[in-house]
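**Q** Sequence:
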Amino acid sequence: AAKLSDKKSISSRLPVGTPHYVAPEVLSAMSGGIKACATVQGTGCDWWSLGVLAYEMLYGQNPFADDRVVVTYNKIMTFKESLVFPKEPAVSEAAVKMMKGLLAPADKRFSYDDMCRHEFFAPVDMDSIRQTVPPFVPNLSGEEDTSNFYEFEDEPARAKIPALRDQKKGFEGTSLPFVGFTHTQSASNSALERTVSFLEAGGSPMRETLSSGHSLRRRSQRQEQLLSEVTQREEGLRQEAQEARSRLAQSQARLAALESSLADAEAREADLRSDNQNLNMLVELERKNRLVSEEKAVQLLNAMKRKYRRQDELLRSGYFVVSPVRRPTPRAFVVDDDEEASNGGPEREEEGDEATVQSELQVALREKRHLEQELAKERALCAQYKEQLNSTLSEGVQCMEEMEKKHKANVVSIDEVRKEVAEAVSKQRQAEEALSACRDECGRHQATVCTLEREVAFLKGQVSASMDKAAAATSGAAPATCLRCAASQAELKHLTEEKARLQREATDLRCHHQRLLETWETQRKQDSKLQRDASGLQSVVARLEGVVSTVEASCSENGAAAVPQQLLVKQVEELDTLRKRNCTLQEANARYMEEIEKLNTELQQQLAKKPPEVLAPACADLNGTKAAALSLEAEHQTLLESSKALEAQLAKTREFLSTSRSRCAELQVQLRKKEEELSECQLDSRMAKREAKRLEESERLAREHRDRLQEEMAELQKQAEELRVRVAQLESSLAIAEKEAASVKLTHE
1 AAKLSDKKSI SSRLPVGTPH YVAPEVLSAM SGGIKACATV QGTGCDWWSL GVLAYEMLYG
61 QNPFADDRVV VTYNKIMTFK ESLVFPKEPA VSEAAVKMMK GLLAPADKRF SYDDMCRHEF
121 FAPVDMDSIR QTVPPFVPNL SGEEDTSNFY EFEDEPARAK IPALRDQKKG FEGTSLPFVG
181 FTHTQSASNS ALERTVSFLE AGGSPMRETL SSGHSLRRRS QRQEQLLSEV TQREEGLRQE
241 AQEARSRLAQ SQARLAALES SLADAEAREA DLRSDNQNLN MLVELERKNR LVSEEKAVQL
301 LNAMKRKYRR QDELLRSGYF VVSPVRRPTP RAFVVDDDEE ASNGGPEREE EGDEATVQSE
361 LQVALREKRH LEQELAKERA LCAQYKEQLN STLSEGVQCM EEMEKKHKAN VVSIDEVRKE
421 VAEAVSKQRQ AEEALSACRD ECGRHQATVC TLEREVAFLK GQVSASMDKA AAATSGAAPA
481 TCLRCAASQA ELKHLTEEKA RLQREATDLR CHHQRLLETW ETQRKQDSKL QRDASGLQSV
541 VARLEGVVST VEASCSENGA AAVPQQLLVK QVEELDTLRK RNCTLQEANA RYMEEIEKLN
601 TELQQQLAKK PPEVLAPACA DLNGTKAAAL SLEAEHQTLL ESSKALEAQL AKTREFLSTS
661 RSRCAELQVQ LRKKEEELSE CQLDSRMAKR EAKRLEESER LAREHRDRLQ EEMAELQKQA
721 EELRVRVAQL ESSLAIAEKE AASVKLTHE
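Under the working numbering, the first residue of the sequence shown carries the number 1, and numbering increases by one thereafter.
Treat the hints loosely; a few may be bogus.
What the hints assert, rightly or not - With a Cα cut of at most 25 angstroms, we get these calculated PhoX-like pairs of lysine-lysine: (1) Lys580 x Lys644; (2) Lys377 x Lys652; (3) Lys296 x Lys693; (4) Lys739 x Lys288; (5) Lys100 x Lys80; (6) Lys108 x Lys75; (7) Lys580 x Lys689; (8) Lys108 x Lys80; (9) Lys689 x Lys673; (10) Lys652 x Lys288; (11) Lys689 x Lys419; (12) Lys307 x Lys288; (13) Lys693 x Lys525; (14) Lys80 x Lys97; (15) Lys368 x Lys644; (16) Lys405 x Lys673; (17) Lys718 x Lys739; (18) Lys652 x Lys674; (19) Lys405 x Lys80; (20) Lys405 x Lys75; (21) Lys674 x Lys288.
These aren't lab readings, by the way, just hints derived from the structure by calculation.
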């Protein structure tokens with residue numbers, strides 16, 4: 001990478017970038033020698049690299065790649081000849097034009113504005129591209145979820161011999177008790193002389209001062225040990241504060257990211273609301289259009305009914321007679337045998353007309369019976385549809401009961417997780433209380449250390465002054481006490497070694513205490529992590545309860561509306577077929593009524609031509625025909641009423657199907673969302689249970705480790721008690737040696 005100037009350009013003779021993606025002007029600047037300093041490179045180099053990437057993503061290979069870098073550079077410099085767009089795989093012309101615009105000379109290369117206006121990005125809304133939902137959104141269970149990455153087998157690392165050979169050993173800490181001390185023979189002799197002279201002084205104030213100096217020295221050592229422990233604790237607390245600051249920064253960054261995602265979600269919600277309003281408007285328009293079409297259908301049906309009524313009236317006004325024994329025959333053509341014999345040829349013609357009328361009437365009656373059979377079939381289909389609707393409603397009720405059972409099971413699991421979270425929070429609270437108590441104890445120790453340091457400094461000054469006075473007073477020491485001085489020196493050496501051993505043990509105790517502090521710190525981190533997981537789980541539980549409550553409310557409002565969509569579609573198709581069959585029946589009935597009307601007109605014309613003596617005997621048959629027509633009209637009226645009932649039922653069923661379809665779609669969406677939330681909750685629950693098990697295991701291990709530490713502390717206390725007894729013995733032996741030295745001095749005097 002290279003830094004751009006204020007003019008968004010750079011001047012360099014060195015190539016910047018990977019060889020396969022470097023622009024030609026960069027290579028020309030590299031090969032131009034001294035004149036290359038004047039070659040200016042801009043952001044067009046990055047657009048060239050973008051074109052190479054687009055080519056590689058669409059064709060699966062680099063356009064200028066070669067095994068040798070020199071050949072690659074040569075292809076880039078002569079890109080006008082070497083750049084080829086193969087026919088396979090097939091790529092759109094817009095994509096090829098875009099790549100040609102990017103892989104062009106610097107003065108003709110596409111810029112940002114050209115790319116935004118290009119036809120390849122025409123379907124993309126550049127203004128709202130940051131608010132657009134990506135085509136693939138990974139499903140993550142947490143910040144450390146790596147399920148979307150490929151898993152590779154780790155190869156064992158090979159040892160590097162030079163690295164092991166050249167490695168220098170660091171500080172091991174074996175000589176810690178002797179830091180700051182240097183041994184010389186002259187210094188040891190002078191110290192011996194001062195010790196002998198001091199012992200020969202033999203004054204009781206000096207002995208008291210010496211004993212008080214020893215006790216103060218021991219106290220100062222203990223206080224130094226406490227001070228080092230307090231310093232280590234303070235350092236641990238500082239590290240903890242630093243970690244807390246880093247966690248705070250991370251949480252602030254996470255909060256900023258969440259706020260940005262919340263803003264994006266609000267923008268998406270606004271878009272969805274606008275889309276929902278548009279869809280509601282479209283649904284309202286569709287509903288209005290459907291109402292208009294239904295009104296038109298009702299008007300057409302009323303017109304057909306009026307037409308049927310007119311045809312019935314014409315049928316009532318006809319001159320047909322129906323005999324209970326034989327087939328219906330026109331009364332105007334019923335004559336006696338004598339009249340038939342007297343009339344002759346014209347009567348035979350009338351008999352032929354009568355036969356045709358009878359045949360047509362039989363056809364009409366057959367059509368009527370056929371219509372009645374079809375009406376019975378339609379009624380049976382309606383009953384079957386009612387049974388299917390009842391069965392689907394019962395299935396919906398069963399589905400709701402199963403969902404309630406699942407919800408109860410989820411509530412039980414959520415309660416268990418809440419209990420586990422409460423236990424983890426109580427453990428964390430106990431750890432925080434222990435930490436606060438430790439901090440208070442640290443403050444008290446610091447105050448005690450300060451006071452003891454002041455006392456030690458004062459007593460050191462007194463001891464040094466008294467020792468100087470004793471050395472000046474006893475400068476003429478007698479050489480007769482050399483043996484006892486040598487014994488005292490050996491005893492002093494032994495005491496020094498014992499002191500070194502005690503210091504080493506104190507160092508070990510400090511290290512052990514540091515390990516204990518680190519263990520406590522890891523336990524505290526685990527408790528904080530568990531609390532964060534608990535808070536996240538509580539938010540998930542609250543969200544799941546909200547979803548479940550909304551689903552229950554919607555299900556209680558529309559309990560029996562959850563009909564399977566496939567069955568509803570099937571019923572709608574069957575109702576459409578029923579409507580079509582009804583239309584065909586109505587058309588056949590209309591044709592039948594037209595034919596009857598024509599027959600009535602023809603019969604009236606023929607009857608008008610007949611003489612009165614022929615018409616007289618037909619009146620009785622006419623009355624019977626009218627009665628039969630009235631019975632037919634009553635049957636037709638019942639058929640019309642049943643047809644109206646079927647139409648009303650059909651309209652209700654259609655309305656119910658439309659509402660059921662919309663409600664079913666809504667319930668399916670809600671069910672899908674609930675299943676997703678349920679799967680997320682189950683995943684979170686499994687993770688929480690796994691985390692709880694892990695915490696229980698870690699707690700068990702911590703308890704075992706604490707028990708072992710307590711046992712070790714008991715052993716260390718026992719050793720410390722033994723050391724105290726040993727120190728007391730050494731002090732008593734030192735007092736005896738002092739007494740012997742005093743007696744030797746007295747005998748010498």
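**Q** Now tell me if each hint is right for this structure.
**A** These are the hints, each one checked on the structure:
1. Lys580 x Lys644: holds (16 angstroms)
2. Lys377 x Lys652: Holds, because 20 angstroms separates the two Cα atoms, which is no more than 25 angstroms.
3. Lys296 x Lys693: Not satisfied, since the Cα-Cα distance of roughly 70 angstroms exceeds 25 angstroms.
4. Lys739 x Lys288: It is violated: about 123 angstroms lies between the C-alpha atoms, which goes past 25 angstroms.
5. Lys100 x Lys80: holds (10 angstroms)
6. Lys108 x Lys75: holds (19 angstroms)
7. Lys580 x Lys689: violated (61 angstroms)
8. Lys108 x Lys80: holds (13 angstroms)
9. Lys689 x Lys673: holds (24 angstroms)
10. Lys652 x Lys288: Given that 25 angstroms is the threshold and the Cα spacing comes to 17 angstroms, the pair holds.
11. Lys689 x Lys419: holds (11 angstroms)
12. Lys307 x Lys288: With a Cα-Cα distance of about 29 angstroms, the restraint between lysine 307 and lysine 288 is violated, given a limit of 25 angstroms.
13. Lys693 x Lys525: holds (16 angstroms)
14. Lys80 x Lys97: Between lysine 80 and lysine 97 the Cα gap is close to 14 angstroms, so the pair holds against 25 angstroms.
15. Lys368 x Lys644: holds (18 angstroms)
16. Lys405 x Lys673: Given that 25 angstroms is the threshold and the Cα spacing comes to 18 angstroms, the pair holds.
17. Lys718 x Lys739: This hinted pair is violated, its Cα atoms lying about 32 angstroms apart.
18. Lys652 x Lys674: Measuring from Cα to Cα gives roughly 31 angstroms; hence the hint is violated.
19. Lys405 x Lys80: violated (71 angstroms)
20. Lys405 x Lys75: violated (70 angstroms)
21. Lys674 x Lys288: violated (33 angstroms)
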